[in-house]
Amino acid sequence: MWTRIKRNKGMWLLIPMLLWIGMLFVLPHVKLFMLSFMDRRSGAFTLHNYATFFNKSLYTKVFIRTVIFSIITTSLTLAISFPTAFIITKVLGQKFKALVLMAIVLPYWISELIQAFTWMVLFRETGVINYFLQALGITDHGIEFLYHNSTIAVGLIYTSLLFMIIPIMNSLDTLDDSLIEASYDLGGNFWSTMREIIIPHAGPGIMVGSIMVFMLNLGNYVTVTLLGGKNSLWFTEAIYNQFIVRFNQNQGAAFGVILLTFSVLFVWIVLKITKQDLTEAM
Amino acid sequence: MSQEIDVSLVHVTKKFGELVAVNDVSFDIPKGSFFSVLGPSGSGKTTVLRMIAGFETPTAGDIYIGGERVNDMPPNKRRCNMVFQRLALFPMMDILGNVTFGLRRRGGMSKDEMEKLAEDALARVGLKGLGKRKINQISGGQQQRVALARSLVLDPTVLLLDEPLGSLDLKLRQAMKLELKHLQARMGTTFVYITHDQTIALAMSDTIAVINQGKIEQIASPEELYRRPATHFVASFVGENNRLLNGRVTRLLDDNVCEMDFGGIPMVGRAGDNLKPGDAVDLFIRPEMILLRPGKREGGILGKISEINFDGSHSLIKIDLLESSRPLALNVKLQHTEQAPEVAVDDVVTLSWRWDAANAFHPVDQSHIEKEA
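Protein sequence lines, in the order shown, are assigned to chains A and B.
Every letter in the first sequence is one number past the one before it in numbering that gives the first Met the number 0, and letter 66, counting from 1, is 65.
Every letter in the second sequence is one number past the one before it in numbering that gives the first Met the number 0, and letter 247, counting from 1, is 246.
Be aware that one or more of the hints could be misleading.
What the hints assert, rightly or not - Think about it this way: if two alpha-carbon atoms lie no more than 30 Å apart in a straight line, the pair counts; the simulated DSSO-like pairs of lysine-lysine are:
| id | chain 1 | residue 1 | chain 2 | residue 2 |
| --- | --- | --- | --- | --- |
| 1 | A | Lys271 | B | Lys131 |
| 2 | A | Lys271 | B | Lys133 |
| 3 | B | Lys76 | B | Lys214 |
| 4 | A | Lys94 | B | Lys131 |
| 5 | A | Lys271 | B | Lys76 |
To be verified - Pulled a few chain A residues facing chain B out of the computed Cβ check, cut under 7 Å:
| id | residue |
| --- | --- |
| 6 | Ala152 |
| 7 | Leu178 |
| 8 | Tyr183 |
| 9 | Leu185 |
| 10 | Pro199 |
To be clear, the hints were calculated from the coordinates, so they are not data collected in a lab.
Backbone N, C-alpha and C fix where the C-beta goes; we use that ideal spot for every residue, glycine too.
Could you put together the complete structure from these sequences and hints?
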């Protein structure tokens, strides 16, 4: 009883956060939701904006491309992050651990925009890499490294690495080393220990990291448009075009709702399939 | 004499950088015996176990399991299994999953056969039918049993136990202690048990190796260890002991019996360490081996009772020696039998003991000795 009262008393501390969420997240989304069902000129109820998405194959194709691309980059990020997180938590000594972690975190002190611009300096036809390639005589003309799918992937993986590594590290940190030894003692080898002990234990961390990275990739705009240019064909670009270039807020809102609905559904389905609990994973 | 040897360490040394954790250790463990390695924390006992299991490689010397040299054999290939100090059960699996883990790694068996073997192993440790439970749904004592079953189901040549009873409360520890001994006797598997708890080692073992600062002090049966400690360390570490310090050897009565002088009082005891007349000496006497007679009697040492601590089946009585030139005191454990004399504080009593109840050694630097309860 006492703790109950005590607990309720602290509730007002949540007010600032609720205000922020309410005004900057809930309200805009309600407005977005309403806009998406309105006719551009008359403001009357219509499903036209959604129909456009499904009827024009360009939009559905861009959407599907964005999703599949995000799934691939998320998987690649996971493939790079898991061994890194494992080595940091279980192999390296205290001193190197801090050093490697620092090397991973430091780049995130620079904004994503600046990062993207530096890569443009590196990758473009007259950029740093081309300069060295030509100086070494490997090629005699400038190669355009920008505006390829692989460039977009490189950028996306880079900007989201940290968000995968940290949750996996957290979950691996709580894995008692004697469990790994016990597995070996009972006849396990590297792969069976990975499969039966380490990955199941790190499951929640892998889940959290993957969800976060997938969302970040799906909703990325800066890295994708700067590195991919006009060819990036990313769904956020389609939303941007509707709002800013074509002044069609209602169409843009419908795209936004579609992206949001899909993201939520996708995460829910993945959690169901992998039998993970969202509260446990978070 | 041609007893089969399951585990053999031959001049094994392990260094971690500058630190010598295990220093030239050799011993043989006969097949089917319960062998304990007893020592204080930091004595190197865990390193010995981890070398047998294969988690550490000796810096020098050889390790044999079942007659085969295993120095370069990884842990997953050795015919020995370990019960870890913190058990290291796999929380991501149910009990049956834990117990079949080793069988699944070994392969060559159908799922049904594996589960049958696992059920048998669980039944042996008294957990019949609990296979579907999760690890966090069972008690600490049951977890101990799962850890045992998980190793025993693989029918190892040697079972290594790294003080697994340490985390249990006293009552459960006593019960598990007996159960473990019975299990070992029934199965005939060689057990190697690491502990700092001498009561556990004394109660369960066929043979105990006492280790201190990486060196073996004595390898003997529990009774031998208790009655005839070979070194100063063993005498002070194993069991309760009165410790009289800095006496002097006056003469040798026999090869292994000496007479000593402590504060002007002559005492006898077994002479360890090749004691010579004139040597400085420490004397250890078991409190329950001292005969206490009320009043002043012939042939004994006079003392006055300063304290009586009642402890159920016995009392621990502290006695100040009356005729010594410096303050000396002995503790006597008096069993509450029908013949036990009635005593009270300030009573004058006469103390005596057989020569072989007391063990004399050269004094050692006391700062190294760490006695744990």
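To see whether the hints hold, each was checked on the structure:
no. : hint                : result
1   : A:Lys271 x B:Lys131 : holds, 23 Å
2   : A:Lys271 x B:Lys133 : holds, 21 Å
3   : B:Lys76 x B:Lys214  : holds, 28 Å
4   : A:Lys94 x B:Lys131  : violated, 43 Å
5   : A:Lys271 x B:Lys76  : violated, 39 Å
6   : Ala152              : violated, 33 Å
7   : Leu178              : holds, 5 Å
8   : Tyr183              : holds, 5 Å
9   : Leu185              : holds, 4 Å
10  : Pro199              : holds, 4 Å
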